[in-house]
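Engineer: Respectively, the protein sequence lines represent chains G and U.
The first sequence: position 170 = 170 (our numbering), numbered continuously.
The second sequence: position 132 = 132 (our numbering), numbered continuously.
I should point out that these hints are in silico values taken from the structure, not numbers from a laboratory.
Treat each hint with caution, since some may be false.
Claimed, not checked - From the structure, some residues in chain U lie toward chain G, with a derived Cβ separation under 8 Å:
#1 G13
#2 D47
#3 Q49
#4 G58
#5 Q85
#6 C159
#7 A169
#8 Q170
#9 E210
All residues carry an ideal CB built from backbone N, CA and C; glycine is no exception.
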Amino acid sequence: MRNLIKAHDRVKDFDWEHSYAEKPDRYPTKYKIPRKTKDPFRHLIRDYVSMEQEKDDRQYGAMEDALARSNSAGKAEPRWMEILKIAIPTVNFGEYAAMKCCGQLIDTVDNAELRQGYMAQMLDEVRHTNQEIYLNRYFAKHAADPEGFHIGLKARGINLFGVAGRAALEAFFVGDPVEGALNLQVVAETAYTNPIFVTLTEVAAANGDNVTPSVFLSIQSDEARHMANGYSTLAAVVSNEDNLKYLQDDFDRAFWRQHAFLDPFLGTVYDYFQKNRGNSYLEKWTEWIAEDWVGSYISKMEPYGLAVPEWFYLAQEQMKWKHHTAAMLAAASWPIHFWRWDPLTEADFEWFENKYPGWYKLYGAFWENFARTTQAADGVNPLAAFEALPPLCQVCQMPCIMPRLDCNEVRFRSHAGRTLPFCSDPCEKIFFDEPIRYEQSVNFWQQHDGLGIHEYIVNNGLLRADGKTLISQPSLDSDRMWTIDDVAAWGMEIKDPMRAITAQLAAVGGSTNGSAQ
Amino acid sequence: MTAAFPGAVDCAGKPTRDFTYVPSRRRRLTEYEAVTCFTQPDIEAYDQQGWLLRDATGRTPWMRESTALVHPNWFAFRDPASHWQRTYVRMQAEQERGIARSAEDAAAHGVFDEFDPVWVREILGRHYRAWSYAEYGLFRAFAVAQREALSDTLGNVLCFEAFDRMRHAQAIVLHLLELEDHIPGFVDDGAKDVWLRDPRYQRTRQLVEELLACNDWGELAVVTNLIFDPILTEISMSQLVRRFGPFHGDPVTAHLVGTSERDRRRNLAWTQEFVRMVTGAEVPARASNKAIIEGWVASWTPRVDEAAKALADLYEVPPLQVARFDDVLDKTLRAQSSLVTELGLKVEVML
Numbered sequence: 001m002r003n004l005i006k007a008h009d010r011v012k013d014f015d016w017e018h019s020y021a022e023k024p025d026r027y028p029t030k031y032k033i034p035r036k037t038k039d040p041f042r043h044l045i046r047d048y049v050s051m052e053q054e055k056d057d058r059q060y061g062a063m064e065d066a067l068a069r070s071n072s073a074g075k076a077e078p079r080w081m082e083i084l085k086i087a088i089p090t091v092n093f094g095e096y097a098a099m100k101c102c103g104q105l106i107d108t109v110d111n112a113e114l115r116q117g118y119m120a121q122m123l124d125e126v127r128h129t130n131q132e133i134y135l136n137r138y139f140a141k142h143a144a145d146p147e148g149f150h151i152g153l154k155a156r157g158i159n160l161f162g163v164a165g166r167a168a169l170e171a172f173f174v175g176d177p178v179e180g181a182l183n184l185q186v187v188a189e190t191a192y193t194n195p196i197f198v199t200l201t202e203v204a205a206a207n208g209d210n211v212t213p214s215v216f217l218s219i220q221s222d223e224a225r226h227m228a229n230g231y232s233t234l235a236a237v238v239s240n241e242d243n244l245k246y247l248q249d250d251f252d253r254a255f256w257r258q259h260a261f262l263d264p265f266l267g268t269v270y271d272y273f274q275k276n277r278g279n280s281y282l283e284k285w286t287e288w289i290a291e292d293w294v295g296s297y298i299s300k301m302e303p304y305g306l307a308v309p310e311w312f313y314l315a316q317e318q319m320k321w322k323h324h325t326a327a328m329l330a331a332a333s334w335p336i337h338f339w340r341w342d343p344l345t346e347a348d349f350e351w352f353e354n355k356y357p358g359w360y361k362l363y364g365a366f367w368e369n370f371a372r373t374t375q376a377a378d379g380v381n382p383l384a385a386f387e388a389l390p391p392l393c394q395v396c397q398m399p400c401i402m403p404r405l406d407c408n409e410v411r412f413r414s415h416a417g418r419t420l421p422f423c424s425d426p427c428e429k430i431f432f433d434e435p436i437r438y439e440q441s442v443n444f445w446q447q448h449d450g451l452g453i454h455e456y457i458v459n460n461g462l463l464r465a466d467g468k469t470l471i472s473q474p475s476l477d478s479d480r481m482w483t484i485d486d487v488a489a490w491g492m493e494i495k496d497p498m499r500a501i502t503a504q505l506a507a508v509g510g511s512t513n514g515s516a517q
Numbered sequence: 001m002t003a004a005f006p007g008a009v010d011c012a013g014k015p016t017r018d019f020t021y022v023p024s025r026r027r028r029l030t031e032y033e034a035v036t037c038f039t040q041p042d043i044e045a046y047d048q049q050g051w052l053l054r055d056a057t058g059r060t061p062w063m064r065e066s067t068a069l070v071h072p073n074w075f076a077f078r079d080p081a082s083h084w085q086r087t088y089v090r091m092q093a094e095q096e097r098g099i100a101r102s103a104e105d106a107a108a109h110g111v112f113d114e115f116d117p118v119w120v121r122e123i124l125g126r127h128y129r130a131w132s133y134a135e136y137g138l139f140r141a142f143a144v145a146q147r148e149a150l151s152d153t154l155g156n157v158l159c160f161e162a163f164d165r166m167r168h169a170q171a172i173v174l175h176l177l178e179l180e181d182h183i184p185g186f187v188d189d190g191a192k193d194v195w196l197r198d199p200r201y202q203r204t205r206q207l208v209e210e211l212l213a214c215n216d217w218g219e220l221a222v223v224t225n226l227i228f229d230p231i232l233t234e235i236s237m238s239q240l241v242r243r244f245g246p247f248h249g250d251p252v253t254a255h256l257v258g259t260s261e262r263d264r265r266r267n268l269a270w271t272q273e274f275v276r277m278v279t280g281a282e283v284p285a286r287a288s289n290k291a292i293i294e295g296w297v298a299s300w301t302p303r304v305d306e307a308a309k310a311l312a313d314l315y316e317v318p319p320l321q322v323a324r325f326d327d328v329l330d331k332t333l334r335a336q337s338s339l340v341t342e343l344g345l346k347v348e349v350m351l
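Using the sequences provided together with the hints, build the complete structure.
Structural biologist: Shown next as structure tokens:
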């Protein structure tokens, strides 16, 4: 077939004006999208399936052949492998949510060029969903310690941080479809897939894991097309001036919602689970998000009326500490998770201090102490050091201890007869702009309130094959691992901290904010 | 073996080394189940904390009311073809390569010169091309259905069917471009007008528009795969384009239609499985589910039948009368009726 241009034109001329039944406005959007724009996706299905099959064959072929025979997964640094137990399932919901986002866009955006791109992305997202779970299962089969990998998606569902991930990623497809596209294509895919699928592969490879890069880089080869979808969607939106009055608010919200979870999460994965160390997450964030995304991508949009997200500079300021604070809480609450921690060493301390000057003064004592209290025989409860569990933000579901414990921005506000916690000014504003979207969310502490920690662990199957040893451990030491009896001996209950905080606030007469902890 | 590596754990029992949270239909967990199940959060199972975001009207990410059918566990559905993305894409890549090769061979051997001119102009240029709009409309309908489906295993079969439909639509366009390249004087134009204005197609167009307006993904699947395809696509594509083609010097289009029939068989099979699932003996709402599906069948079948009958005189257009419309319709309706009754559905359809 000789005339590809004709082929592309004709496959984009399928729409017609309906005369017999009006399509319902299923996913209302306030945006006006022009009927015709530039085509972000110049692939026919015939080319697309052939290209994807070849990529699949290369990736799955490598996993089952050379990578399996060289036992790459079994030989990788155990510290690195541990964090993949939560990282893979959490990222995976982003892929699945993206598939749903594309369905909404296909229905709502009346533009044949864009719709072709969304169609291919919809199937790409099934691809990524499958690839990542295949990887997760591969590690269940081949990793030195498979426990945790074997319950991946189940464990994501019941995990404090897994749930916070879902809170951010639901924004891909819940709400105005164009707002979903801003969250997915413009922020998550254009800004964050590089730190996820490119830079994380460098860390993986440096730590002996060549399997994750095989999968992630194959995923990233599709992401370039999704970024083009995002750019074309954005270009279509800004081409109509009427859209601008909504766009900036939605864009600001999309950036903050994704940042509030992705940066503490990725920063922890990146900085706390490298053994053979290279760059820091902050360095990579500066390169990909600040310089590349804001400096080059978003700035190109400025002449059309789109500005850098309002809360970008706040995020940038907090980037130095936020993930260290999150990592500290994640480590302190290790028994309720499903991966092992490798306590930091002197060499790690030096690296952190070098990459984040001032780190040791703020976090050194915690990690020194953490390393001293990993012995099951000593039975030290790491959470006992905290007066109370930190409240979880009503919007982002992350602990309200950011950016640092000593200067956190927690605030409590009254809403419909309840006192609700927020981690920051942006999350508070986002909530009160549209309370209906967040007010019914139940957080992790509320969900498990009153349950003994050991009961939570047993009920949710967070035990190893012997039925008594915890999947999660505070070290990689396998001589005397922590058992459910060790945790039961603490007699500690999960308590929703908001009951006490609400009572306290009532006693002093009102809501408050600032370093209230 | 693992104990040889740093960090290996060998003191806490023998790990299972596979997912333990997916209930398999087979003796062992299949690759399809492993990479598909619970990728959609299930707030009745492992995601009991519930939804964390609503839209401006308060709707949750997924809603039970997205179909009138009721089942205690939508996540129990399994695609009989066990497709996940890799197997699906591989299958479609093979089909598309087959189509391209068949056109290439036909061109090399001068097969296009043997195509009957009336066949090319009237059936391929107008009828077959007009059908690409029907497939496109269904693509859009299934793209929404995959968004709303209440489990991952259902979302995926609906997503693959959406993609099938777009593949069919594009394959028709590309095939006609081949004809433009190889058959002097043939131009692919005017079929959109046929789709929009020719009275023969207005019933079909109405059905497609109604399916696009349908908000129930269960209804869309049942109507498309148990009624629309077995009657209308059979009459319009299989019995006319595929069956008549070789008698008019055209073995190429028949091959192309054959690839869409392969997709149809797969989509029929999962829809049958779906109907069996919601009407199964252990399902509390089986009686009302059965009544709802019977209602859909009773309501849509006469309309699909009318759309098929509106195409009747097309069977007179090809120079060779390979089959009579009335005979084909009769056989097709009986076959479709068997599909329905084999599922235990009792429907009195007034045709």
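Engineer: Are the hints correct? Go through all of them and say.
Structural biologist: Hint by hint, here is what the structure shows:
For G13(U), the interface hint holds, since its Cβ comes within 8 Å of a Cβ in chain G; the closest pair sits about 3 Å apart. The interface hint given for D47(U) is met, as the beta carbon of that residue sits about 4 Å from the closest beta carbon of chain G, less than 8 Å. A cut of 8 Å between beta carbons decides the hint on Q49(U): the least distance to chain G is about 5 Å, and the hint holds. Taking 8 Å as the C-beta contact cut-off toward chain G, the hint placing G58(U) at the interface holds, the least distance being around 5 Å.
Evaluation of the Q85(U) hint against chain G yields a held restraint, the C-beta minimum of about 4 Å falling below 8 Å. With a cut of 8 Å, the hint placing C159(U) at the interface with chain G holds, because the nearest CB-to-CB distance is about 6 Å. About 6 Å separates the beta-carbon of A169(U) from the nearest beta-carbon of chain G, less than 8 Å, and the hint is met. Taking 8 Å as the C-beta contact cut-off toward chain G, the hint placing Q170(U) at the interface holds, the least distance being around 5 Å.
Given hint, E210(U) at the interface with chain G, holds; its Cβ is 5 Å from that chain's nearest Cβ, closer than 8 Å.
Checked against the numbered hints above, the structure violates none of them.
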